[in-house]
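K.L.:
What follows is each chain in one-letter form.
There are 2 protein chains.
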Amino acid sequence: MPKFTSSLDTLTEALRCLPGVGPKSAQRMAYHLLQHDRDGAQQLGRALTDAMQQVRHCQLCNTFTESEICSTCSDSERDATLLCVVETPADQMMIEQTLTFKGMYFVLMGRLSPLDGIGPRDIHLERLIERAANGAVKEVVLATNFTSEGEATAHYIGEMLKARGLSVSRLARGVPVGGELEYVDAGTIARAMLDRRAT
Amino acid sequence: MPKFTSSLDTLTEALRCLPGVGPKSAQRMAYHLLQHDRDGAQQLGRALTDAMQQVRHCQLCNTFTESEICSTCSDSERDATLLCVVETPADQMMIEQTLTFKGMYFVLMGRLSPLDGIGPRDIHLERLIERAANGAVKEVVLATNFTSEGEATAHYIGEMLKARGLSVSRLARGVPVGGELEYVDAGTIARAMLDRRAT
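Chains as they are written, first to last, in this note's numbering: chain A, 1 to 199; chain B, 1 to 199.
Hints may contain errors.
Pairwise CB distance ranges, derived in the manner of DEER restraints [claimed, not checked]: (1) B:Thr100 to A:Leu115: 41 to 51 Å; (2) A:Pro23 to B:Ala152: 23 to 33 Å; (3) B:Asp116 to A:Asp122: 45 to 55 Å; (4) B:Thr188 to A:Gln35: 23 to 33 Å; (5) A:Arg78 to B:Asp9: 16 to 26 Å.
Looking from chain B toward chain A, a few residues come up when the C-beta cut is under 8 Å (computed) [stated by the list, open to error]: (6) Gln27; (7) Leu33; (8) Asp50; (9) Phe64.
Restricting the straight-line Cα-Cα distance to at most 30 Å, the calculated cross-link-like pairs of lysine-lysine (DSSO-like) are [to be verified]: (10) B:Lys138 to B:Lys162; (11) B:Lys162 to B:Lys102; (12) A:Lys24 to B:Lys24; (13) A:Lys138 to A:Lys162; (14) A:Lys24 to B:Lys102; (15) A:Lys138 to A:Lys102; (16) A:Lys102 to B:Lys24; (17) B:Lys138 to B:Lys102; (18) A:Lys102 to A:Lys162.
Don't read these hints as lab results, they were simulated from the structure. Idealized CB from N, CA, C, for every residue including glycine.
Please put together the full structure from these sequences, using the hints given.
P.N.:
Now the structure itself:
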């Protein structure tokens, strides 16, 4: 085999940190960038460094932000009596796009998954309790995915919050069972948001 | 929609320079890196910057290298009387893996494609002629892909080199018509290399 340059090998290996990119895709990406888009690659390099240094988690809702408190949490026009719990920032964006929810969020950044060793601590449940029990929140809407892990997470969180006297609801089952929020159309999510039921 | 941080938006947009990555994949990649692999992302950022600055083209064979002359071209044990013309470094690697070819290479970094505005100048044919007419080369093996564009490229190069009195051969048609070298198994490429025919 021809010995290619070490920085090309390093790049090919480094590209494999991207989800769904194997050795062959990584090689194609490296060649593509070197041959056709060196400027884009330079920009991507800088963007990666900048984002990793600057992006952290919102102190209140745990989503990605560059400040202490994200723009959603610091928006005084939003309804602080409603708190919607989602798994990921992508789920949060999908719900925002439906325009049916004007409350606050808490982003778990994951879901309970005992098989993967992900427990209550890993999805920041102590911070969720702190947030939900701040006196302003009247209702917690559970909007985790309708997968088995998402349902288990919703059940766990629901029981935990109800034990603390909070009112808890769940997105209506307009969302197809087994589906993930990120891939459902906004109309379906809108119905599910409007039909949410007490648990 | 929640306003996410500008460096996250910048990263998502920058990831789209990768081949086959659309808005949704870019978003997933950005979230994945921020949540699960910040070290890998930092390394990728550095690898991109390093590779784009350091990798250039070999003066002789035109493949990617960090030096003036690549390791294959500067290997005195290789047969300088044979010159194999390929479209990409990935094709070159596939041929090397068959262990049936010990000559030199010329990497076009593309193929003739009039519809995309890619002409003889873009695939460095003047440098190929210079290389092939250096006195040492006795036979040029055309190993462009067996697609219509690759075949046209091989025909064009073949006529050009034969007009200069060089002996030209083509990989045997063991390679499936319409197939691309990069995805063919090494055994098929090995047969094609052994059965190459004069044109």
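K.L.:
A separate judgement is required for each hint: does it hold in the structure or not?
P.N.:
Hint-by-hint comparison with the structure:
Look at threonine 100 of chain B against leucine 115 of chain A: about 47 Å separates their beta carbons, and that is inside 41 to 51 Å. The beta-carbon spacing between proline 23 of chain A and alanine 152 of chain B, approximately 31 Å, falls within the hinted interval of 23 to 33 Å. For the pair aspartate 116 of chain B and aspartate 122 of chain A, the supplied restraint of 45 to 55 Å holds, since their beta-carbon distance comes to about 49 Å. In this structure, threonine 188 of chain B and glutamine 35 of chain A meet the distance hint of 23 to 33 Å, their C-beta atoms being roughly 26 Å apart.
The hinted window of 16 to 26 Å between arginine 78 of chain A and aspartate 9 of chain B holds, with their beta carbons roughly 21 Å apart. Taken as an interface hint, glutamine 27 of chain B checks out: its beta carbon lies about 6 Å from the nearest beta carbon of chain A, inside 8 Å. Interface restraint check for leucine 33 of chain B: the shortest CB-CB distance to chain A comes to about 7 Å, inside 8 Å, so the restraint holds. This hint holds: aspartate 50 of chain B has a C-beta 5 Å from the nearest C-beta of chain A, less than the 8 Å allowed.
Checking phenylalanine 64 of chain B against chain A: minimum C-beta separation of about 6 Å stays under 8 Å; hint holds. The straight-line distance between the Cα atoms of lysine 138 of chain B and lysine 162 of chain B is roughly 12 Å, inside the 30 Å bound, and the hint therefore holds. Using a Cα cut-off of 30 Å, the hinted pair lysine 162 of chain B and lysine 102 of chain B holds, with the two alpha carbons roughly 22 Å apart. Of the pairs offered as hints, the one joining lysine 24 of chain A and lysine 24 of chain B holds, with about 21 Å between alpha carbons and a cut-off of 30 Å not exceeded.
Distance check on the hinted pair: lysine 138 of chain A and lysine 162 of chain A sit about 12 Å apart at the alpha-carbon level, within 30 Å; holds. Restraint check for lysine 24 of chain A and lysine 102 of chain B: the C-alpha separation of about 24 Å stays at or below 30 Å, so the hint holds. For the hint pairing lysine 138 of chain A with lysine 102 of chain A, the CA-to-CA distance comes to about 14 Å; that is within 30 Å, so the pair holds. The straight-line distance between the Cα atoms of lysine 102 of chain A and lysine 24 of chain B is roughly 24 Å, inside the 30 Å bound, and the hint therefore holds.
For the hint linking lysine 138 of chain B to lysine 102 of chain B, the alpha-carbon distance of about 14 Å falls within 30 Å, and the restraint holds. For a cut-off of 30 Å, the pair hint linking lysine 102 of chain A to lysine 162 of chain A stands: about 22 Å separates their Cα positions.
In this structure, every one of the numbered hints holds.
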